[in-house]
Amino acid sequence: MEEALTRKEQREQRRQEKREQKASQLQRTRNKKLILFGLLILGVVGLIWVVAASQQQAPIVDISPDPSRGPETAKVLIEEYADFQCPACAGTAPVLHEILEEYGDQVRFEYNDFPLPQHNNATTAAIAGQCAFDQGKFFELSDFFYTRQKDWSNLSTEDAQKKFTEYAEELGLDMTAFATCTTGQSAADRVNEDISEGRSARVNSTPTFMVNGKRIVTTPFSTNLRKAIDDALAAAE
Amino acid sequence: MTLSPLLSKYIRHPVLLLVVRLVVGGVFAVFGVVKLIEPHEEFFSVIAGYNVLPAQIVPIFGTVLIFLEIVVGLAFIIGLYVRWSAAAIAGLLAMFLVALVQTVARGIPLEDCGCTGSLINLGESVTTVIWRDVLMLAAVIWFLIVRSNAWTIDQLMDRRHPHSPTADK
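The listed protein sequences correspond, in order, to chains A and B.
Just so we're aligned: the first sequence equals residues 1 to 237 in our numbering.
Just so we're aligned: the second sequence equals residues 238 to 406 in our numbering.
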């Protein structure tokens, strides 16, 4: 009887050992998976770190003067990279005007061309803008581009060029100089310099705004730009 | 209702399930990496454009979203915690769909859905993006219903321990 009980106990013991073995194997598998998942997360974190480190390079700075407003001594510099054919740029333009008026001499604004390839008339408009800049009428023409964007966005490049010539006439520009400029290389080179500068600053979309070199989130535009200016003014004091 | 054995065999076919994992997981991982490479402010601006989240939350939400997209995308591709990663992808897709549909319902113009990051411009309309997400969600739900671990890291590890609750039966 004693021996039978011992055998029963032995069987039970073996079963128990098997159960423990299974549980231990299961735990090991779970641990291995967790370690693998941990490695995956570490890999992603490492990738984020590498990307962040690789983006620390200094951007190219174009040497040609850009259309600007406000004193050079202003504590806050607002840089915009924009495309005249981009609807979002047209949307932010009146808000930007209002904010520049409000902050007056405390801020300086600099405009940079960044015509996007998907907008067929954007480069032509950017060149026309540079030619108006040569005659001191950049912001007036840029207002025309934005407020009348729907009139020229869907035109062929040739027709858009005619439309821009009409705008230039309306603004009273020297049309001979304007025509020479739009067909020449200088304005196109300045647009390309802006594009290179933008690319080196990792601009991919328009409008992109930077306040004292720091890119801002452009939605909601008014709130975020005001906050960035206020922060920059506070930091400068 | 039971499926015919032939149909049942095909919808559980490991090659088909692997394709789902590679395509859907690939979309998440690749677009996540693209968003990581581009300036984050651009992605945050797109998220803010949905008019759903308060502006203060957007940067944190955007950062977590990029991280999640890459992690769950890669986990789904290699088949690590494959059901959990499938469930997480389904959850993210459902969230994207709700966000997209509400912009249509509220008449919010979206120039860019932010799905692919600004470095890749597929030029899709919101409707196209909705259909693409619905298709991916359906594929992931099918994957979850089929409950197969075929050709996954999970299967590889569970084979060594057939008693694992996640082992392929």
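Be aware that one or more of the hints could be misleading.
Per label pair, the in silico range of CB-to-CB distance [stated by the list, open to error]:
1. Val260/B <-> Asp151/A: 40 to 46 Å
2. Glu169/A <-> Thr365/B: 40 to 46 Å
3. Leu290/B <-> Gly38/A: 45 to 51 Å
4. Trp379/B <-> Asp143/A: 32 to 38 Å
5. Gly43/A <-> Leu255/B: 18 to 24 Å
6. Glu140/A <-> Leu290/B: 37 to 43 Å
7. Leu255/B <-> Arg28/A: 25 to 31 Å
8. Asp143/A <-> Gln339/B: 31 to 37 Å
9. Asn154/A <-> His250/B: 46 to 52 Å
10. Gly38/A <-> Gly263/B: 18 to 24 Å
11. Val338/B <-> Gln185/A: 48 to 54 Å
12. Val260/B <-> Thr157/A: 35 to 41 Å
13. Ser24/A <-> Pro291/B: 46 to 52 Å
14. Ile60/A <-> Val260/B: 46 to 52 Å
Computed far set for chain A versus chain B, every beta-carbon distance over 10 Å [unchecked claim]:
15. Arg14
16. Ile63
17. His97
18. Gln135
19. Phe138
20. Thr165
21. Glu166
22. Thr180
23. Ser186
24. Asn212
25. Arg215
Simulated from the structure, these hints should not be mistaken for laboratory data.
Just so you know, even glycine gets a beta-carbon here, dropped at the ideal spot from N, CA and C.
Hint check:
1. In this structure the hint that valine 260/B and aspartate 151/A lie 40 to 46 Å apart at CB holds, the actual value being about 43 Å.
2. Look at glutamate 169/A against threonine 365/B: about 42 Å separates their beta carbons, and that is inside 40 to 46 Å.
3. For leucine 290/B and glycine 38/A, the Cβ-Cβ distance of about 30 Å falls outside the hinted range of 45 to 51 Å, so the restraint is violated.
4. Tryptophan 379/B and aspartate 143/A have their C-beta atoms about 54 Å apart, which leaves the hinted 32 to 38 Å range violated.
5. At about 22 Å, the CB distance of glycine 43/A to leucine 255/B agrees with the hint of 18 to 24 Å.
6. With their beta carbons about 38 Å apart, glutamate 140/A and leucine 290/B fall inside the hinted range of 37 to 43 Å.
7. Remark: the range hint 25 to 31 Å for leucine 255/B to arginine 28/A is upheld by a beta-carbon distance near 27 Å.
8. Checked against the given bound of 31 to 37 Å, the beta carbons of aspartate 143/A and glutamine 339/B, roughly 34 Å apart, stay inside it.
9. A C-beta distance of roughly 48 Å is found between asparagine 154/A and histidine 250/B, which places it inside the suggested range of 46 to 52 Å.
10. Checked against the given bound of 18 to 24 Å, the beta carbons of glycine 38/A and glycine 263/B, roughly 23 Å apart, stay inside it.
11. Checked against the hint of 48 to 54 Å, the C-beta distance between valine 338/B and glutamine 185/A comes to roughly 49 Å, which is consistent with it.
12. Between valine 260/B and threonine 157/A the C-beta distance comes to about 39 Å, which sits within the given range of 35 to 41 Å.
13. The hint said 46 to 52 Å for the Cβ distance between serine 24/A and proline 291/B, and at roughly 49 Å that hint holds.
14. Between isoleucine 60/A and valine 260/B the beta carbons are some 38 Å apart, a value that contradicts the proposed interval 46 to 52 Å.
15. Every beta carbon of chain B lies more than 10 Å from that of arginine 14/A, the smallest distance being close to 17 Å; the non-interface claim holds.
16. At the 10 Å boundary, the C-beta of isoleucine 63/A stays outside the reach of chain B, the nearest C-beta of that chain being 24 Å off.
17. Against chain B, the non-interface label of histidine 97/A holds: every CB pair exceeds 10 Å, the least being about 20 Å.
18. For glutamine 135/A, the condition that its CB be more than 10 Å from all CB atoms of chain B holds, with the nearest at approximately 32 Å.
19. The claim that phenylalanine 138/A lies off the interface holds: its Cβ sits roughly 25 Å from the closest Cβ of chain B, which is beyond the 10 Å cut-off.
20. With a closest Cβ-Cβ approach of about 29 Å to chain B, threonine 165/A is found to remain outside the 10 Å limit, as its non-interface label requires.
21. The beta carbon of glutamate 166/A is kept farther than 10 Å from every beta carbon of chain B, the shortest such distance being approximately 28 Å.
22. Remark: the non-interface label on threonine 180/A is consistent with the geometry, its nearest Cβ contact in chain B lying 35 Å away (cut-off 10 Å).
23. Listed as outside the interface, serine 186/A is consistent with that label: its C-beta sits roughly 30 Å from the nearest C-beta of chain B, beyond the 10 Å cut-off.
24. At roughly 14 Å from the closest C-beta of chain B, the C-beta of asparagine 212/A stays outside 10 Å, upholding its exclusion from the interface.
25. For arginine 215/A, the requirement that its beta carbon stay farther than 10 Å from each beta carbon of chain B is not met, with the minimum near 4 Å.
Of the hints listed earlier, those the structure fails to meet are numbers 3, 4, 14 and 25, in rising order.
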